[in-house]
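> These protein sequence lines map, in sequence, to chains A and B.
Mapping the first sequence onto numbering that gives the first Met the number 0, position 116 (from 1) lands on 115, and the numbers just tick up by one.
Mapping the second sequence onto numbering that gives the first Met the number 0, position 9 (from 1) lands on 8, and the numbers just tick up by one.
A couple of the hints might just be wrong.
Unchecked claim - For each label pair, taking beta carbons as the anchor points, the in silico distance ranges come out as:
| hint | chain 1 | residue 1 | chain 2 | residue 2 | range |
| --- | --- | --- | --- | --- | --- |
| 1 | A | S152 | B | G175 | 24 to 30 Å |
| 2 | B | S1 | A | R107 | 40 to 46 Å |
| 3 | B | Y2 | A | I84 | 39 to 45 Å |
| 4 | A | P53 | B | D137 | 20 to 26 Å |
| 5 | A | G103 | B | A150 | 54 to 60 Å |
| 6 | B | I82 | A | E4 | 27 to 33 Å |
| 7 | A | K21 | B | E160 | 43 to 49 Å |
| 8 | B | G175 | A | E4 | 31 to 37 Å |
| 9 | A | G103 | B | E160 | 30 to 36 Å |
| 10 | A | D127 | B | R158 | 44 to 50 Å |
| 11 | B | A29 | A | A221 | 45 to 51 Å |
| 12 | A | I52 | B | R166 | 42 to 48 Å |
| 13 | B | Y2 | A | S25 | 44 to 50 Å |
| 14 | B | A29 | A | D30 | 40 to 46 Å |
Since the hints were derived computationally from the structure, they do not count as laboratory data.
Note that the coordinates shown come from a computational prediction; the quantities given were computed from them, not determined experimentally.
Ideal Cβ positions, reconstructed from N, Cα and C, are used throughout, including at glycine.
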Amino acid sequence: MPLTEPLPDGLSQQEIDTEVAKAQASAAPSDHPPRDYPPYRSSHFRFPRQPLIPLSDPEAVELSGPAFGVTDVTALDRDLTRQHIGEPLGERITVSGRVLDREGRPVRGQLVELWQANASGRYAHQLDQHPAPLDPNFTGFGRCLTDDEGGYSFTTIKPGAYPWRNHVNAWRPAHIHFSLFGTAFTQRLVTQMYFPGDPLFAYDPVLRSVTDESARQRLVCAYDHDLSAPEWSLGYRWDIVLDGPSATLFEEGDQL
Amino acid sequence: MSYAPTPSQTVGPFYGYALPFPRGGEVAPAGHPDTITLHGYVYDGAGNPVPDALVETWQPAPDGSRAGAPGSLRHDPVTGEVIGRDGVAFTGFGRVPTDADGHWAVRTLPPGGVSYIAVAVFARGLLHHLYTRAYLVDEPGDALLGALDPARRATLVTRPEADRTYRFDIRLQGEGETVFLEFK
Ligand SMILES: [Fe+3]
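Looking at chain A on its own, in the form it has when it is part of the complex:
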């Protein structure tokens, strides 16, 4: 049931945890977060109250999607540590993985974008008022195209946790924002990747908005020692599966 009033300001972590537990208990099983999720207070006026209108039309334009190519990225766009004259501060990492559709097929030649806070937990954005240092050698966004196996790879630094004002003493676990395209506009995904073992997981209503435990685990990357580069960087692996129908899925369905 949607609340009729927004949650009050100044809620404690404990009060938010109670709201999280309540939402968790009443949630229908789903891979995605409910848009109506009171513990994330910014959602209050921003979720539709009407049900979404289901559309299953093999002619829908949304079953196709934008194309990207060599003109849309440069080789440097995937290395967030080389976008300035000096080296950024922090723990150098590589984040690699594959982008697949729900059939497990690689999504090839599509755009992957990411953005993140610096090692101190500060975004290079004028609205970020967290009193942590900006890093003149780190902006925090990157792009690349997936390869023939659907693979992507970025070199960056591990972002810091940061406070926000959802409630008193609200802290976001370290995360990297990702934006992905599939072969269809229906497969568009914007999400966040988290790092394994973060003690802030239990307190974060944004991560907890994914009410299904196994779905939530899919937002957490894995440390992969084989991806670590000797004397250079630590490696994390994170595979991404895009939801939603596409023209090719419809074609296969027709053959059944």
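Position chain B with the ligand against the provided structure of chain A, taking the given hints into account.
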């Protein structure tokens, strides 16, 4: 469908230096005589404009092709800066952040073969983006429009203004709430 999908998360407040790109709303080649303007405001359930939404559009080319074309984010080869489209290829893809007053605008060419432009909306506070459609004309035989009652149907149909301009407001919640779609 065997692979479990990666869940959505909100775009948050700080995508502004990462996702928008120069001339992201200039989908039509500069000066093209058929150019139309699709624009509007994004409002929340309290009737306030949403200043931190991101609107994306996708559409067929005027000849009906749905293949799109690369080059929306073309780079300057010297500086590496994104400089946007080359003014020739029609990529079919638009991306614009809303202004401080919730306004957005895309200049494009009429879509070939259909009467709508596909729209995706992202925002801080929105845990999973929303899809809708901006119909340039109220298409009598359209299956989606035909299944809606008149008031809801009207939220998907743009209002023509002067000079090939079409107004399309997006209301996330409440009175006049836009019809949002779920593709199956
Ligand atoms: Fe963030």
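> Give a verdict on every hint.
We went through each hint and held it up to the structure:
no. : hint                        : in the structure
1   : A/S152 / B/G175: 24 to 30 Å : violated (45 Å)
2   : B/S1 / A/R107: 40 to 46 Å   : violated (19 Å)
3   : B/Y2 / A/I84: 39 to 45 Å    : holds (42 Å)
4   : A/P53 / B/D137: 20 to 26 Å  : holds (21 Å)
5   : A/G103 / B/A150: 54 to 60 Å : violated (42 Å)
6   : B/I82 / A/E4: 27 to 33 Å    : violated (47 Å)
7   : A/K21 / B/E160: 43 to 49 Å  : holds (46 Å)
8   : B/G175 / A/E4: 31 to 37 Å   : violated (21 Å)
9   : A/G103 / B/E160: 30 to 36 Å : violated (47 Å)
10  : A/D127 / B/R158: 44 to 50 Å : violated (37 Å)
11  : B/A29 / A/A221: 45 to 51 Å  : holds (46 Å)
12  : A/I52 / B/R166: 42 to 48 Å  : violated (21 Å)
13  : B/Y2 / A/S25: 44 to 50 Å    : violated (27 Å)
14  : B/A29 / A/D30: 40 to 46 Å   : holds (42 Å)
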